[in-house]
Amino acid sequence: MNTYKPRILIVDDERGLREGSKRLLEGEGYLVDTAENGTEGISLGVKNDYDIAVIDLKMPDIEGLEVLQEIKKQRPNTICFIATAFASYETAVESTRLGAFSYIPKPFTPEELFHQLKQGYKQRTLLLEAERLKKEREETLLEVAHEQSRLKTIIESISSGVLLVNREGEVVYFNHSTLQKLSIDNLEIGEYILDKLPTQISEILNQLLNSDNIMHKAKTTQVEIMPKGQLFIEATCSPVPHPDGSFAGVVIVLKNITGFKQVEQIKNQFVSMVAHELKTPIAAVLGYLKLILDENIAVSYEQQQEFLGRSHIRLQGLLDLVNDLLDISRMELKTKQREIEVINISEVIESTLQFLEFEIKKKGIVLVKDIKDQLPLLSADQNEINRVFINLISNAIKYNRDKGSITITCRLKGNYIITAISDTGIGLKPEEKSKLFQEFYRAKNKNTRGISGTGLGLSIVSRIVECYHGKIDVESEYEKGSTFTVYLPINK
Amino acid sequence: MALIAIIDDDPDIIEASTLVLKSKGYDIISAGDPEEGYRIVSENKPQLIILDVMMDEPDDGFFLAQKFRRDGFNIPILMYTSVSKTIGFEYGSGEMVPVDDFVEKPISPDQLVEKVEALLQKEIKRSE
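Protein chains in written order, with our numbering: chain A, 1 to 492; chain B, 1 to 128.
It cannot be assumed that every hint is accurate.
[As the list claims (entries may be wrong)] Listed next, with one range per pair, are the computed distances between beta-carbon atoms:
#1 B:LYS67 - A:PHE260: 36 to 42 Å
#2 B:ILE124 - A:MET226: 46 to 52 Å
#3 B:ILE124 - A:LEU308: 49 to 55 Å
#4 A:LEU289 - B:LYS67: 44 to 50 Å
#5 B:ASN74 - A:ASN186: 50 to 56 Å
#6 B:GLU36 - A:ILE292: 24 to 30 Å
#7 A:GLY364 - B:LYS122: 51 to 57 Å
#8 B:ARG39 - A:LYS363: 56 to 62 Å
#9 B:ILE124 - A:LYS363: 39 to 45 Å
#10 A:LEU289 - B:LYS24: 17 to 23 Å
#11 A:HIS312 - B:MET1: 32 to 38 Å
#12 A:LEU179 - B:LYS67: 44 to 50 Å
#13 A:LYS196 - B:ASN74: 47 to 53 Å
#14 A:VAL474 - B:ILE124: 32 to 38 Å
Just so you know, these hints were derived from the structure itself, not from any lab. Where is the CB? At the ideal position from N, CA and C, for every residue including glycine.
Bound-form chain B, shown alone:
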């Protein structure tokens, strides 16, 4: 089963997400800040990254995603967003935000699993 890295500074979000994904049989590694996040990804080579958009600073998630891409990590990234709807700002993926999909917090288990599966499927097709 695939290995997924969750990078979020909220331990409760990591805990809940971990439980959801573990219940579907995924293996999970996690980190609470961008630095540690980068380390666990480079060391464990997960098949998918779940990345919170706003850690210490509002754009930490973006910068980490950009760093992953620059450094050749081409695995899918699913981004957790938090206030986009609240402040009327919709993220779109692109060069600035090089991620594959978004999940708006609070996370619902079904939606999370659905998006994770879809991204992993796409990744399998792409590598075939």
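The shape of chain A in the complex, shown without the other chains:
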């Protein structure tokens, strides 16, 4: 007791004993408070966390046992002694039952008192230590609980499904998203899961659960979940080891990959369409060449010339197609180096018309122009804007009737220069109109037979126009004609 001075409360109505004990104990290094009756004893004993209280059993106002009870209720770690001259076995039993550490019969010698108090103080130290440990443990538990609830919140927030399965194939844990990904209404902890999973996943799970050694590699599969519209998920099953390395179970992460699948599907479709478009002219040319080369088939010189001429046209078309494809791919990858310059749109239209003059004259087409003077300038890549008007005007020629007309109007409205190109050609059926800007779509009917094209021209036009935050519209009446309207934003 060198540095810390134990605090003692002495509750006794007998002044001499109270003061005597105080002096005695202070001499021994204790800090002593005294109370001259039960009421004061309770008030002090509850207010301060004394190490020890020595309470007289018989007091005029309140019984010592009641003081003991009150102090113990609030300060369970205060070591209480009951002191009394009326020592009896019953009071001894009763006071210990109520929480007294021991019992000091009066009168007592200083040695007796010191001895008892030392014992009591030892007990007090043990109690405090126990409480400290308990508190520490509770705090750790609380932290663990926090940690668990935090983890749970995190796992619940993951948009992927997370499903934990033990060695027996029973559900140990799952987040809400799991239900949605598997398109099932309910799962129970402890439920056998394998029958509820799509076959591809349960097969992998079975492999992992039944292997003799724990596998250290995750296995992944892709599954189409049917019931609620189109849903593709990717399931990754990873073995979970115990801390000692033995096999605990499998965690399955379910990810929605519908978007990827759709992109993949579009890509596959595009590839197969490209393959078809590339192969068609090659097949035609090879067919002709095989004919010409076949010794068993008589092909006249005129026929040979015709076949070679047709082959030439088909190969030219193939070259156009490859060039268009390269343009699209460049646009898609945005690797096309745009040379943005200031462009006068009426000049673009004029030069396009000059470029196509021969085709216009050949078909006897009448040209009507209404291009407003002093239109604002555009900032764009000259080649791209040329491309837009060459494609649109050459379409207006190609799909026009002989001696038809083309009307080109160009005006400013708001922030847009609006150019409309109308023809008096074959027009479009409503169902054809909606597909017009898709890659490789070409309206095929008796009117379009014999008109060549890659099926990419309008798709390229709409891509370019969209690049500049513009748009393109089409109005059309079958067998009457079409109007393509291009909106291009001007420099602000």
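Position chain B relative to chain A; hints supplied.
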């Protein structure tokens, strides 16, 4: 000699195929789209149909073949396929594709003639 109908939207393929088969003495009628194809078959009753798999839409050939069968045309159909090998998809004949044989484009004259003859022979045996 047998009458053969060729239905393909590629005029160059029709031209080349026609020349090959005419050189073997067959009579040829042709059409450039499914609708017209159906018309020439019902009007001229050919002994064999050569049908392109992919016309306006990727499955036009299939649908036309199914329509022929539904409507009681039981003559052999030889189908021209185009991208099956390119995209790693092999056609097989069956209920969905009720045709008798396939020829992969580009067409080689020998193979075309061989397949046409084989189908016509089988048809003769069947009707005997």
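Each hint tested on the structure:
no.	hint	result
1	B:LYS67 - A:PHE260: 36 to 42 Å	37 Å, holds
2	B:ILE124 - A:MET226: 46 to 52 Å	48 Å, holds
3	B:ILE124 - A:LEU308: 49 to 55 Å	38 Å, violated
4	A:LEU289 - B:LYS67: 44 to 50 Å	34 Å, violated
5	B:ASN74 - A:ASN186: 50 to 56 Å	54 Å, holds
6	B:GLU36 - A:ILE292: 24 to 30 Å	28 Å, holds
7	A:GLY364 - B:LYS122: 51 to 57 Å	54 Å, holds
8	B:ARG39 - A:LYS363: 56 to 62 Å	31 Å, violated
9	B:ILE124 - A:LYS363: 39 to 45 Å	51 Å, violated
10	A:LEU289 - B:LYS24: 17 to 23 Å	19 Å, holds
11	A:HIS312 - B:MET1: 32 to 38 Å	33 Å, holds
12	A:LEU179 - B:LYS67: 44 to 50 Å	45 Å, holds
13	A:LYS196 - B:ASN74: 47 to 53 Å	49 Å, holds
14	A:VAL474 - B:ILE124: 32 to 38 Å	53 Å, violated
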